[in-house]
Structures are given as structure tokens and as C-alpha cells.
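Generate the whole structure from the sequences, applying the supplied hints.
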Amino acid sequence: MSIKSINGCIGCGTCIETCPTDVIRKDPGSGKAVITYPADCQICHLCRMYCPVDAITISPEKSIPVIVSWG
Amino acid sequence: MKTRIKKYNRLAALLAFIALPLLIWTLGDVPRRSFLKEAISLLTIISFFMMLLQFFLSRGNGRMLKEHRTGKVVKLHKILGYVFVSILLLHPFLIVLPRFFEAGVDPGEAFSTMLSTWDSRGIILGLSAWGLMLALGLSSMFRNRLGMKYTTWRIFHGVLSIVFISLATWHATDLGRHTDLPMSVYMIALAGLGAILLLRIYFIQLKNKLGHE
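In order, the protein sequence lines correspond to chains D and B.
Note that the first sequence covers residues 1 to 71 in the working numbering.
Note that the second sequence covers residues 1001 to 1213 in the working numbering.
Hint data in this document are derived by calculation from the structure and do not stem from the laboratory.
Among the hints, erroneous ones may be present.
[What the hints assert, rightly or not] Partial pick of chain B residues on the chain D-facing surface, computed with a CB cut under 10 Å:
(1) GLY1062
(2) LYS1078
(3) VAL1083
(4) PHE1093
(5) ILE1095
(6) ALA1103
(7) THR1113
In this text, a Cβ means the ideal position worked out from N, Cα and C, and glycines have one as well.
Below you can see the structure in the form of C-alpha cells.
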């Protein structure tokens, strides 16, 4: 498992829109994001990088370094 | 004897409002992040507990007022109030501050997304509590300009504080990253106890007033 946990989600849905492999879904009851298909996570870090309140944690032990372009 | 009681009171306050929250935070099963993010979280948690302490540094806590000089308690209440209200007013900005130092969403965009998520109960509660906290701070700072009698202002301040702490506690337990079950239970217990201490005073006053009529 790569995406580890979501703590303090405000339910804005940004992570759901940014995830390319549809790992995260919105819980209809609480309106917050939940990790629904963790096995599909490609460790791209987009959900974590675009979460406005930094609620998403990617498991560091199984993570690959994120590639950020510069220049 | 009185000095010893004062010492115990200070120790109890330190344990209940700083040490125990820190212990719960340490034992919590929440993933740790960078030093800056954890420092901001800790500052916010301690500031929130200092706001809870305010209820125990008020007229509601008659037992403590017997042991300490009222003037000193009021002074401490004021200092803690102004310092920690100021810190908590910065709380929404502090959440997006680390975004200045890392890749991803722009801090301004993160801030506007956060504030415009109106379908989130936690955000509505947080914004309401923030507004009430601003009102609490400003109405205390400019009390003399409000044209209210001191006793009227005191009731206004107390009622506003109770509404504020109820919404803020709900917001913290709903959205707080570190508010797992033990932290939530502890926050609710302290907020409830603080509100009861203050409400008790109002009920006693009301009872006495009705008794005289």
C-alpha cells in the first residue's frame, strides 16, 4: 500500500479530481475523501501535492522520490 | 499552606492543559510530517487548550479564586486571551504556510479552495468559530468603547465564549488532524466542564434575582 491515510479532510474533492488511477472516492455519509482502491495507487503524489489542507500521507517506506521539473 | 495550594493549582493547570494534550499527541497514531508542519500543529493544539483554560481562569472557578488574587487571575486571563486569540486567528493562514516551501498547489489557491468548500460542515464551523473569536477579541480590547455596563459586557463575553468554544470544539473534532478519539474526548470534556462552570454562575444569579422579586 502506498497512499497511507487521510486525516483532516475538508471534502473539497481536489484529490479525487487529481488522482489518475481513481484510488480515492468521496464517502457519501461524511462527504470526506476515503482511500477506496489503495492497490491501484501509483505513488504519483498528486493527491498529496494538491490537497489544500495537507491531509494526505503517502507511506514513506514504500514511496519513490517525486520527480519535480525545474527550469 | 496557601502557597502550596497555589503551587498545586499551577501544576494541575500545566498538566491538564499542556502536558496531557502533548502526551495524547505523542501517543496518537497520526503520521508525522515535516518539522514545520508538526510545529504549526502543536502550536495550534496548545493555543486551543489555552482557550479552554480561560474558562477555568474565570469567575466560574470560584474555588481557584479563593486561593489566588482575583486581579492576578484576571491579568493572566487577559494576557493568555490576547496572545492565543491572535495565534488562533492566524490558524487558517498557518495551514497553507508550508505550501510556500514545497511543490504542488499554490498557497493562495489552497487557501481559497479551503475557504470556499461550503458543503463541508467542519469548514462552516471553523469559519463561524473564527468570526466569534474575532468578536471576542475585539469586544474585549474595545470594551470601554462599546457603551455597555461592565456586568452586561461580562454576560455578553461569557455567552459569546460558550458559543465560540462549542463551535470550535466541534470544528476541531470534525477536522483536526490530531483529534483522534482520546484527544476528542478530552477536548469535549474540558469544553463541557468549562461551559458548565460558567453557566452555573448565570443560573445562580438568575435564581437569586427571581428570589428577590
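Which of the listed hints are broken here?
-> 1, 2, 3 and 4
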